[in-house]
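Trainee: Below are the chains, spelled out letter by letter.
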Amino acid sequence: MLASQNNNNQKMLTTDGIPLKKKLSKALFRSRLRAFGLVTPLLLLISIGFVFPIIVFLTRGVYNDTFEKYMVNLTPILAEWDGKSEPTEDMYEALVLDLVWLKETKNIGKVASRMNRELSGSRSLFTSSARKAKKLEAPFKESLTKVKKKWAKLETWRAMKVTSQSLSPVFLASALDMKYTAEGTIVQKSPERRIHVKLFIRTLEISLVVVIAGLILGYPVAFLLANLPIRISNLLLILVLLPFWTSLLVRTTAWIAMLQGQGVLNDLFVVFGIATDEDRFTLIYNKAGTLISMTHILLPFMILPIYSVMKTIPPSYVRAAKSMGATNWTAFWRIYFPQTIPGIGAGAILVFILAISFYITPALVGGQDGTMISNFIDYHMRKSLNWSLAAAMGGVLLVIILFLYWIYDRVVGIDNMKLG
Amino acid sequence: MKILKLLFASVSTLVFASVVNADSITVVSWGGAYTKSQVEAYHKPWQNKTGNQVVSEDYSGGLAEVKAQVESGNVTWDVVDVELSDALQGCDEGILETIDPSTLPAAPDGTPATKDFMDGALQECAVGNIVWSTIYAYDKTKFSTPPTTMADFFNVEKFPGKRGMRKLGKAMLEMALMGDGVPAEEVYDLLGTEAGVQRAFAKLDTIKDHVVWWEAGAQPPQLLADGEVTMTIVWNGRIFNAIAAEGQPFGLVWDGQVYDLDLFVIPKGSKNKEAALDFIRFSTDTQRLADQASWINYGPVRASSIPLIGSYHSDSSIKMIDHMPTTEAALKNALQNDFEFWADNGEELNERFNAWLAN
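Protein chains in written order, with our numbering: chain A, 817 to 1236; chain B, 20 to 378.
Do not rely on the hints blindly, as some may be mistaken.
Claimed, not checked - BS3-like, lysine-lysine: derived pairs with alpha carbons at most 27 Å apart:
1) 292/B - 948/A
2) 885/A - 966/A
3) 966/A - 189/B
4) 134/B - 964/A
5) 965/A - 922/A
What the hints assert, rightly or not - Cβ pair distances, simulated, as ranges:
6) 180/B - 1028/A: 31 to 37 Å
7) 292/B - 1231/A: 44 to 50 Å
8) 268/B - 984/A: 52 to 58 Å
9) 950/A - 225/B: 35 to 41 Å
Unchecked claim - Computed, partial: chain A to chain B, Cβ under 8 Å:
10) 842
11) 846
12) 850
13) 924
14) 925
15) 936
16) 1011
17) 1201
The hints are simulated quantities; they were obtained by calculation from the structure and are not laboratory data.
We put the beta carbon where it would ideally sit given N, CA and C, even for glycine.
Given the sequences, and given the hints that come with them, work out the whole structure.
Mentor: Here it is, written out as structure tokens:
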């Protein structure tokens, strides 16, 4: 039916003889192009400066070709080796060839560092053997083990086999406290080496507490902001915004001055007899310190979305409820509160996502039990230089956040979020 | 027309000349009193001599920034003051320029630089600058009998109060073993075994609840001054500065010290390599190293600099030689940081240290 109608209207032309449909789509295309042109700079900036580097960096977590790239002779042989039988003379010969070449091209340090992450002590094994590799003669198995006994150990070769696989879950496993073996299986690390899973859980726990504390503290403030006379509420708004505009570092150090053993708060406690001078409260350099300062720092992110949603709720609804006999509580809980949920949703997810990746504040005030996973990503980026592990941990964190976001969408619904 | 051409030529040469003459190099060091000593003893005299500018930046150690700069091809640092283990690792990884030690100035008496520098201070990619030490200091006002040994640091019954420690395995594990009665010369042999590592952690366990962990070198003197801790592990120069310049009532203990070297390196691909080399040659000559020692008690690495060490820059009653980590008394039970040991085992031990901290 529709098709035949279209056929009948086929002759509908514009003044210059072009079919109307064509002309219309052309005009639409042009305006779309113009709109696209306007967002292109931003799109380019985001993809070049944000999406692309993140993807490139995340691939480091599963792909590290240091060994394959520099140990050209040994890598293919290792791929065929079963990881159990005695290493053959061929393998030793290839190893010596590679070591000689690595020494000449000054790349030995790269392979040695990569190997040392897999097996402690490999760094000096590689660098010192490479220094002597040129003078070694066949049979290489004998001459190389004479230089360092470790070359005869199966453990060394198994570690090399693991490292020689460029695309491997070795770092992802490590990010989850597990170890990838030469057979391709994944086993759990010994208890005194397990740390990351615990930190992921602690990070989620801290973030959740910060969200809940922010909600309890922020909701009444937002309510006051939205309902007080404009002159007072503006003043109050400035009090909320002033810390919001202050540098994060300044606010964190201010909390150090407040909370430390000889700090303002503890001094007050002593004055009022809540604590004795010798036995002051430990409020900082632990989890309590992280929680207190993070809650304060993230509070504006909770207050502002709730406030802007409350601002749009007409006061007549609550009045109407009361006029029909609702008590104060019922009017609030049944009428007012449900209307603020979009604001709570927005504030909660904003605070949670910011909190989960917080690292300056926990680094400064976290001590030992208040540090978070991002502090360890930072540690591997800046101190241990294990960028692959940092990338793997970052990847895991990203997956956790996306998963929680998905759950949030299913439970609360992302359309229910409102920033104003 | 001719005049115009001439004018143009002279202007352009002027501009060109000023660009060539006024090099500006970025020298990166550890900040605080240490950087100040370098600015006074190295940067200012070098600027006066060459007319070049030195931009001083601070960092908190490690090779991450250097690695990032070299890998991205955008090297903005020209000279970096690093620890020995980092100098070696960076050289192995090919992110540092090589420096020919034969181009360094000889001692005043003609001893070539290669003989004048102490062992380990001249590396393929690095030139030594100072000897510094990790020691512990205490608040004199808190104890009637002052602590004297490494074991006292771990004795919270006899010497109550919180302890400040560096949040890193390096030096802390060695000190734990020495605090447990292991003589300095046996520490690394023991730490190379599983039993030794466990013993070190067991010793750290005894004071774990009393420790405030620090990361930046400026923190421990502050913790001590604030009364947050009664004793803290600290770098010897920082605590000396707090005592000499700020008059703080702190005492320090040399027993069980772990000393190490700091060296100058040049990141690979530095745009001012020649100027950077000239700066390093100038700064590590006999007189300059001795001058540096009158600002902070980090020992010069040149033998010929030792007799030239004077008194503290603002107080001539403080003879700096008595406060160096390399005096006979200070070296009685001292350990030199074993860079090869840490290059090999650092990753594993730090991982275990972190896991121990989090548990």
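Trainee: Compare the structure with each hint and give your call.
Mentor: For each hint, the structure was consulted:
1. 292/B - 948/A: At roughly 31 Å apart (the allowed maximum being 27 Å), residue 948/A and residue 292/B break the hint.
2. 885/A - 966/A: Holds - the C-alpha atoms of residue 966/A and residue 885/A are around 23 Å apart, at most 27 Å.
3. 966/A - 189/B: Distance ~25 Å between residue 966/A and residue 189/B Cα, so the pair holds.
4. 134/B - 964/A: violated (31 Å)
5. 965/A - 922/A: The given pair, whose Cα atoms are some 24 Å apart, holds under the 27 Å limit.
6. 180/B - 1028/A: 31 to 37 Å: With a Cβ separation near 36 Å, residue 180/B and residue 1028/A satisfy 31 to 37 Å, so the hint holds.
7. 292/B - 1231/A: 44 to 50 Å: violated (58 Å)
8. 268/B - 984/A: 52 to 58 Å: With Cβ atoms ~57 Å apart, the hint holds.
9. 950/A - 225/B: 35 to 41 Å: violated (50 Å)
10. 842: violated (45 Å)
11. 846: violated (41 Å)
12. 850: It is violated, given that the least Cβ distance between residue 850/A and chain B is near 36 Å, above 8 Å.
13. 924: At about 6 Å, which falls below the 8 Å cut-off, the nearest Cβ of chain B leaves the hint on residue 924/A intact, so it holds.
14. 925: holds (3 Å)
15. 936: holds (4 Å)
16. 1011: holds (4 Å)
17. 1201: holds (6 Å)
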